[in-house]
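Novice: The chain contents come next:
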Amino acid sequence: MSMYFTKDHEWIKVEGDTGTVGITEYAQHALGDIVYVEVPEKGRALKQGGDAAVVESVKAASEVYSPVSGTVIAGNDVLAGQPALVNESPEDQAWFFTLTLANPAELEALMDRPAYDEYVAGLE
Amino acid sequence: MSDDVALLTTPLDALHRELGAKMVPFAGYAMPVQYPLGVLGEHLHTRAGAGLFDVSHMGQITIEGDHVAALLESLVPGDIQGLGLGRTRYSVFTNDQGGILDDLMISKLAENKLFLVVNAACKDADFAHLSRALSGKAKLTRLDDRALLALQGPQAAAVMARLAPGAEAQGFMSIGEYPIDGIPCLVTRSGYTGEDGYEISVANADAEKLARTLLAQPEVEPIGLGARDSLRLEAGLCLYGSDIDTTTTPVEGRIAWIIGKRRREQGGFPGADIILKQLAEGAPRLRVGIKPVGRAPARAHTQITDVDGTPLGEITSGGFGPSADGPVAMGYVPRGFAVPGMPVKLIVRGKALEAHVALLPFVPHSYYKG
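Those protein sequence lines, which keep their order, are chains C and H. For the first sequence, the numbering used here gives the first residue as 1, with consecutive numbering after it. For the second sequence, the numbering used here gives the first residue as 1, with consecutive numbering after it.
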């Protein structure tokens, strides 16, 4: 399994042609207390960099973009009832959705963990 | 960030940074939007304990002179001549169209002296407005040498009782001058969270010492602008520039209770013809509470429609209410729709979400009634 990151602070874990997507520790910290999450429904076609999900803190709503193009396998329905899980376990239990990758070559445009950590360090 | 260079700071700026606040630009000032506790925790703490807010960006003004109350009545619809010594009243500056230029607190410090607190974003315009109207008739002083702190929450009175014995018995919407832990302060029993509490005017030079003294009390946590906004929204209180502005009258904004009985009979304030006509005949639209049925918050500028999709108006403040444990909002709808329980739709990200008109406040007020 490989994990990749976007400049918008989404992560994707890839096994074969299946990806699992969420937002990073940095993103949850910047957003603050998450009070609402909307995940995409099964079968929805997503484009790389296109709107995929919504995450809202007390203060503001933010879009979550899909790191790659593909078709949604499932959204994480747990998050509707437990949005705070995104704060508690952003890179593990609080995954947003899984998808079948349409074009695995798109992963090449993403960062690996060391590159993302360096990117985040530059934002501080 | 280079944008910070031009921002003004309050006397508590260094303290906010020491406390780990996330600072944001607000009305030209660098202000704390949240501390490490976070907006949710800060909000809930204020409803359970006591929260300390820096509101030093707001404008403090005194006006002095003979007949100062009558003079101010030429700008506001409140009964200021009827304001008792040591009493505080909420009011608005209106324009000739009946719109609202700003909302403010007016306190009577002496027979010929009033103390005003106005919004940060409006304070320059307000001062110019007052200067034009009162020039040569009253002495106007801008108290830029004073900070303003708000201590809010059910345990605020216990904190004050410890530091300023007697303050716990100060009446709601009253003002008094007394020391807090030896620091001279001008204190009103008021606030903007729906909770019991105090707003404390203090010399800039003493502000940090006072803030540290208050924060040293076990009940008190520092609270940022994020929670200030969610607290006042749950309390159904208007944010100037969002829920009320120059395009809304006090009647439409549902704050017509600020218009005194004598003023209703006599008029004599800007826009009185329009405002009094609306009082008699009803306003075309009204500010209402809006409760989304689901969990999705509806933010400001979300379109409100009827159940068939016909546009009714817009959300003016909306978000998540931590104490209401769900989304809460306010907005304007035509008068016929301003009925609690009336079903409406909210257009959020292209989807029509179910909601209904709700009674305000979303969380009951807990003001001091002693």
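Quick caveat, the hints were computed from the structure, so don't treat them as lab data. Note that the structure is a prediction, hence the values are computed from the model and not measured. The reader is advised that the hints may include incorrect statements.
Derived BS3-like pairs (lysine-lysine); straight-line CA-CA distance at most 27 Å [as the list claims (entries may be wrong)]:
# : chain 1 : residue 1 : chain 2 : residue 2
1 : H       : Lys351    : C       : Lys47
2 : H       : Lys22     : H       : Lys209
3 : H       : Lys277    : H       : Lys261
4 : H       : Lys369    : H       : Lys351
5 : C       : Lys42     : H       : Lys369
6 : H       : Lys369    : H       : Lys261
7 : H       : Lys22     : C       : Lys7
8 : C       : Lys13     : C       : Lys42
9 : C       : Lys7      : C       : Lys42
Novice: Decide, hint by hint, whether the structure agrees.
Specialist: Quick rundown of the hints versus the structure:
| no. | hint | result |
| --- | --- | --- |
| 1 | H:Lys351 x C:Lys47 | holds (20 Å) |
| 2 | H:Lys22 x H:Lys209 | holds (21 Å) |
| 3 | H:Lys277 x H:Lys261 | holds (15 Å) |
| 4 | H:Lys369 x H:Lys351 | violated (44 Å) |
| 5 | C:Lys42 x H:Lys369 | violated (55 Å) |
| 6 | H:Lys369 x H:Lys261 | holds (23 Å) |
| 7 | H:Lys22 x C:Lys7 | holds (22 Å) |
| 8 | C:Lys13 x C:Lys42 | holds (18 Å) |
| 9 | C:Lys7 x C:Lys42 | holds (25 Å) |
Of the numbered hints given earlier, the model fails hints 4 and 5; all others are met.
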